[in-house]
Amino acid sequence: MIDHLTVKAVRAGLQKKQFSALELTHAYLKRIHEHNPRLNAYISVNDEEALQQAQAADERIAKGDDTPVLGLPMAIKDVLSTKGLRTTAGSRMLENYVPTWDATCVANLRSAGAIFLGKTNTDEFAMGSSTENSAYGVTHNPHDESRVPGGSSGGSAVAVAANLCVVALGTDTGGSVRQPAAYCGITGLKNTYGRVSRYGLIAYGSSLDSVGVLAKNAEDAAIINSVIAGHDPKDSTSIHSPVPNYVDEINSLKSKIQNLRIGVPKEYFIGGLQPDVENAVREGVRAFERMGAVVKEISLPTTHLGLPVYYLIATAEASSNLSRFDGVKYGLRVNGDDLIDMYGKTRQAGFGDEVKRRIMLGTYALSAGYYDAYYIRAQKVRTLIKQDFERAYQEVDIIMTPVAPTTAFKIGEKVEDPLQMYLTDVFSVTLNLAGNCGISVPCGFDQQKLPIGMQLMGPALGETQLLSAAHTYQFSTFN
Amino acid sequence: MLTSEQVNRVAHLARLALTEDEKQRYARQLSAILDYAEQLANVDVSHVPPTATVLPVRSVVREADVVNQLLTRDEVLKNAPRSDGESFEVAAAITESS
Numbered sequence: 001m002i003d004h005l006t007v008k009a010v011r012a013g014l015q016k017k018q019f020s021a022l023e024l025t026h027a028y029l030k031r032i033h034e035h036n037p038r039l040n041a042y043i044s045v046n047d048e049e050a051l052q053q054a055q056a057a058d059e060r061i062a063k064g065d066d067t068p069v070l071g072l073p074m075a076i077k078d079v080l081s082t083k084g085l086r087t088t089a090g091s092r093m094l095e096n097y098v099p100t101w102d103a104t105c106v107a108n109l110r111s112a113g114a115i116f117l118g119k120t121n122t123d124e125f126a127m128g129s130s131t132e133n134s135a136y137g138v139t140h141n142p143h144d145e146s147r148v149p150g151g152s153s154g155g156s157a158v159a160v161a162a163n164l165c166v167v168a169l170g171t172d173t174g175g176s177v178r179q180p181a182a183y184c185g186i187t188g189l190k191n192t193y194g195r196v197s198r199y200g201l202i203a204y205g206s207s208l209d210s211v212g213v214l215a216k217n218a219e220d221a222a223i224i225n226s227v228i229a230g231h232d233p234k235d236s237t238s239i240h241s242p243v244p245n246y247v248d249e250i251n252s253l254k255s256k257i258q259n260l261r262i263g264v265p266k267e268y269f270i271g272g273l274q275p276d277v278e279n280a281v282r283e284g285v286r287a288f289e290r291m292g293a294v295v296k297e298i299s300l301p302t303t304h305l306g307l308p309v310y311y312l313i314a315t316a317e318a319s320s321n322l323s324r325f326d327g328v329k330y331g332l333r334v335n336g337d338d339l340i341d342m343y344g345k346t347r348q349a350g351f352g353d354e355v356k357r358r359i360m361l362g363t364y365a366l367s368a369g370y371y372d373a374y375y376i377r378a379q380k381v382r383t384l385i386k387q388d389f390e391r392a393y394q395e396v397d398i399i400m401t402p403v404a405p406t407t408a409f410k411i412g413e414k415v416e417d418p419l420q421m422y423l424t425d426v427f428s429v430t431l432n433l434a435g436n437c438g439i440s441v442p443c444g445f446d447q448q449k450l451p452i453g454m455q456l457m458g459p460a461l462g463e464t465q466l467l468s469a470a471h472t473y474q475f476s477t478f479n
Numbered sequence: 480m481l482t483s484e485q486v487n488r489v490a491h492l493a494r495l496a497l498t499e500d501e502k503q504r505y506a507r508q509l510s511a512i513l514d515y516a517e518q519l520a521n522v523d524v525s526h527v528p529p530t531a532t533v534l535p536v537r538s539v540v541r542e543a544d545v546v547n548q549l550l551t552r553d554e555v556l557k558n559a560p561r562s563d564g565e566s567f568e569v570a571a572a573i574t575e576s577s
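Heads up: the protein sequence lines correspond to chains R and B, in order.
Using the numbering used here, you'd call the opening residue of the first sequence number 1 and step up by one each time.
Using the numbering used here, you'd call the opening residue of the second sequence number 480 and step up by one each time.
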């Protein structure tokens with residue numbers, strides 16, 4: 001019943017009474033319990049509450065109620081707070097943490113009648129590119145279980161790709177929605193900074209963090225985005241701008257591929273790019289050209305500076321954000337001789353290796369004597385990166401690139417060398433630094449049958465155009 | 480290469496207790512990452528303002544301070560590793576000897 005079900009198909013099936021929300025939820029939970037021990041996509045499965053939510057959804061449907069997500073079984077990345085449901089952020093620090101409130105995006109979905117099947121695995125505090133940094137074990141890529149699913153939203157990507165949910169929420173600070181979507185062969189939308197409230201998102205890099213959607217296709221991402229996007233008084237950085245009806249827009253904008261101006265930046269097609277990835281992305285660009293788009297090569301000369309800027313700014317912000325884990329208000333506490341000793345021991349025991357490394361790096365970059373040379377300098381180069389994009393969007397509407405230089409790598413391959421791991425983010429971090437939106441769209445497979453993703457990047461609040469372009473591409477390719 | 484003194488200083492600032500093994504490993508790994516970041520030193524940023532946020536900065540007139548739905552004390556203390564039911568329990572921050 002549930003293989004490859006989309007958000008749209010669920011709504012239609014529920015309306016036509018092909019199945020009830022309760023039947024659907026039972027089917028997903030059964031599948032989760034069958035496959036999750038092997039794939040480890042979920043940290044927590046929400047059996048009891050999910051069935052209650054399903055029952056409530058069926059009652060609402062019986063009364064004639066209708067929302068785009070009523071009775072929709074979905075998954076939530078475990079860095080998003082869920083009231084009454086354990087939220088670990090992939091960390092031992094929060095092993096027993098049960099939020100007393102919902103993240104705003106979660107609250108929107110809850111009141112619209114979505115069903116939460118569980119919380120998905122993530123690199124600890126979303127710090128990682130492979131989901132290997134989770135305290136709850138690595139998640140396995142369903143296309144090849146010896147490989148990583150990407151990260152940090154690896155659990156959400158696998159849950160969608162392996163039909164352990166219909167759709168899932170993720171978060172993206174430097175590529176954490178787009179890259180796992182690419183590695184798992186699904187669609188991943190990274191919203192413009194501030195488009196979706198960050199309230200209730202356990203903070204990593206606050207000037208970069210954004211909530212996104214991992215979905216079977218762009219239309220599903222559009223449906224979910226219509227529910228979660230919008231201004232939130234609880235997040236002072238959320239944008240005051242009306243939320244488009246993404247679904248109507250993408251279905252009415254189909255003809256707009258005609259004369260769509262696509263930029264292909266030469267700096268994203270460099271040494272180290274897997275040939276299969278380059279070929280598939282270039283073929284994707286040609287597909288748009290055949291549909292009437294106008295393609296031109298452009299230059300984003302600061303591209304290579306994105307990684308060092310990202311890893312200084314994100315870790316600086318993380319070192320500040322994670323100071324809240326002090327063994328007092330929530331989370332783990334390890335007793336010490338005095339207060340300082342308690343802090344140190346608690347954080348030693350609660351944080352994993354990568355989180356400690358990033359806290360150390362960020363603290364160093366912010367410390368007296370290094371602040372100007374590292375942190376402020378990184379913020380200045382960030383300005384140049386942002387200006388590069390602003391210049392580019394004067395001459396093109398969207399930019400197309402690979403999501404990552406390679407397809408999914410082997411579990412364990414990069415864990416010994418953090419810098420090598422960071423390099424997998426080379427094509428995704430610039431977007432976060434500029435605060436723009438992007439979408440990862442499957443565009444083929446490499447010789448080992450591993451999925452390849454292409455990245456469509458847009459300016460701030462360009463979600464409608466990106467979703468529309470991705471939807472048209474998927475419609476023309478697969479129908 | 481970061482010195483062990485630098486690593487100790489940063490670890491103290493970050494309130495992280497580290498094992499000797501971690502200190503040595505982080506000194507090595509952070510040095511490699513900082514070497515990589517050195518390429519930023521070659522960029523001319525003399526006339527470039529820093530970007531702290533991508534959002535347009537605007538002044539906001541403070542709105543009326545309305546009390547919204549609040550968490551109860553029990554809810555606030557629910558996740559505390561130690562509490563006496565009314566407040567968080569924590570070792571003294573200031574003692575007579577300090």
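No lab work stands behind these hints, which were simulated from the structure alone.
Note that CB positions come from ideal geometry on N, CA and C, so glycine has one too.
Mixed in with the good hints there might be a few duds.
Said to hold, decoys possible - Just so you have them, the derived chain R footprint on chain B, three or more residues with Cβ under 8 Å:
{"no.": "1", "region": "503–516"}
{"no.": "2", "region": "522–532"}
{"no.": "3", "region": "546–557"}
{"no.": "4", "region": "560–568"}
As the list claims (entries may be wrong) - Pairs of lysine-lysine, DSBU-like flavour, derived with a Cα cap of 35 Å:
{"no.": "5", "chain 1": "B", "residue 1": "K557", "chain 2": "R", "residue 2": "K414"}
{"no.": "6", "chain 1": "R", "residue 1": "K8", "chain 2": "B", "residue 2": "K557"}
{"no.": "7", "chain 1": "B", "residue 1": "K502", "chain 2": "R", "residue 2": "K345"}
{"no.": "8", "chain 1": "R", "residue 1": "K414", "chain 2": "R", "residue 2": "K386"}
Evaluated hints:
no. : hint               : result
1   : 503–516            : holds (count 8)
2   : 522–532            : holds (count 8)
3   : 546–557            : holds (count 4)
4   : 560–568            : holds (count 3)
5   : B/K557 with R/K414 : violated, 39 Å
6   : R/K8 with B/K557   : violated, 39 Å
7   : B/K502 with R/K345 : holds, 15 Å
8   : R/K414 with R/K386 : holds, 30 Å
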